[in-house]
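> Residues per chain are reported as follows:
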Amino acid sequence: MEYEITAEDKNETYVVLPAYNEATRIQPVIEAIAEKGYNMVIVNDGSLDNTLDVILESKRKYPNRIHVYSLLINRGVGIATQTGFDAVLKYNPKYIVSMDSDGQHSADDLDNVIKPLVTGEAEAVIGVRPLKDMPFTRNFANSIMNLLTRIFYRVDVSDSQTGFRAITKGALNKISINATGYLISSEFIREINDNNIPFAEVPIETIYTPETQAKGTNVTVAIKILLQMIKHQF
Amino acid sequence: MLLYSLIFPIISLIAIVGIVLRYMKRKNSFTTVILWSIFWIFVSVFALFPNLSTSFASAFGITRGLDFVIILVFIILFYIALKLYFIVDKMQNDLNKIVKEVAIQNEITLDDEEE
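Protein chains in written order, with my numbering: chain A, 8 to 241; chain B, 809 to 923.
Here chain A stands alone, though its shape is the one from the complex:
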C-alpha cells in the first residue's frame, strides 16, 4: 500500500519561498501551502513593490505557519534561497522544500515531492517539469542547461533548472550552496551528487502564464549561468 503523508510529516516540513516583486502572485501560493498544513520560511528578496506587505497579510491569517525574512536589497534568487535554507534551521525541520513563489508550482505536488524523503527512499528530491508543456524557448534553454550541467558538474538529470526541490535536514547540512542567481539549481544538483546523497526525481505540474515566463531560465539567463559555471571551475 502506498504511503500517505500524515499531518505530522507536514508539520515537520518547511517550504522555503524566495520572493522578488511577487506582490500580485504570491498570496495564493502562500495560502495554498498553509491550507495543506505545511510551514513556510518566506524570504523577500529586496522587492521594489509591496511583496512584503502582501506576505505579512498572509502571515496574519496563518501566524504560526509563516516565518518571514527580508533582504535589505535585491541579491538574487540564489542568495534569497540560501537565506531561507539558513533561517529554516532555527525551526529544526525534518524536511525542507524550496519552491518558486510566482505560482508556477502547485502546492498539490508537495505531498509527492516529500514522499521519497519520508519513506527513506531518497534524501533529496528534484521536481521535474514535463518538457512537453514548456514553451519552445524555455524548453530549448533548459535542454542546453541540462547538457551543461552534465558537462561541467557530471550529473545527468531530466530537469536541471527546476526551482522545486526537497531535502532532508541531514542532507542540507552536508551541502554548500554559494550561487547567487539561477545557477543555484545546477549547484544544488552538483552538491547532491558530490556528497553522494541519494536523490529521486518526481514529476510536477507547471503552470505557465505570461508572467511566470518573464522570469526563470531564458537564453540570456542560460548564458549567464554558463559563464558562472566556467568561473566555478577555477
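One should not assume that every hint holds.
Keeping only pairs whose Cα atoms sit at most 25 Å apart, straight-line, the calculated DSS-like set for lysine-lysine is [said to hold, decoys possible]:
| hint | chain 1 | residue 1 | chain 2 | residue 2 |
| --- | --- | --- | --- | --- |
| 1 | A | Lys122 | A | Lys97 |
| 2 | A | Lys17 | A | Lys97 |
| 3 | A | Lys176 | B | Lys905 |
| 4 | B | Lys898 | B | Lys835 |
| 5 | B | Lys898 | A | Lys231 |
| 6 | A | Lys238 | B | Lys905 |
| 7 | A | Lys231 | B | Lys891 |
| 8 | B | Lys905 | A | Lys231 |
| 9 | A | Lys238 | B | Lys891 |
If you're looking for bench data, these hints aren't it; they were derived computationally from the structure.
Given the coordinates of chain A, assemble chain B onto it according to the supplied hints.
For chain B alone, coordinates are given in the frame of chain A:
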C-alpha cells in the same frame, strides 16, 4: 619639439600631484602612489625622448617603439580591469554575506509592523 612632448609631461605632473594629494588625504595607499608615479614618469620620458622607446622595444624583441608603448598600455589596462573585477567580486560576496546575516538575525514579526 612636438606638441605631445609638451602636453604629456604636463598631464603626468598633474596626475602625480593628484595622486600625492589623495595619499595625503589617506584616500589611497603608498604603493598606489609609487606605481602610478612610475607609470606617469615613463609616459613623460617617452614623450620627451621618443627614441628611447625604440631601445626599450628592441630589448623585448619589438622593432617599433610605438608598438612597445601600445602593448605596454594594453597590458596595464588589462591588469587594471582584472584587478577591478576581483575587487568588485569580493565586495559583492561581502555584501551578500552582510545582507544575508542581517536578514537571518531579524525575523519579521507582526509586532514589527504595528510599531
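> Going through the earlier hints one by one, which of them does the structure break, listed in rising order?
none
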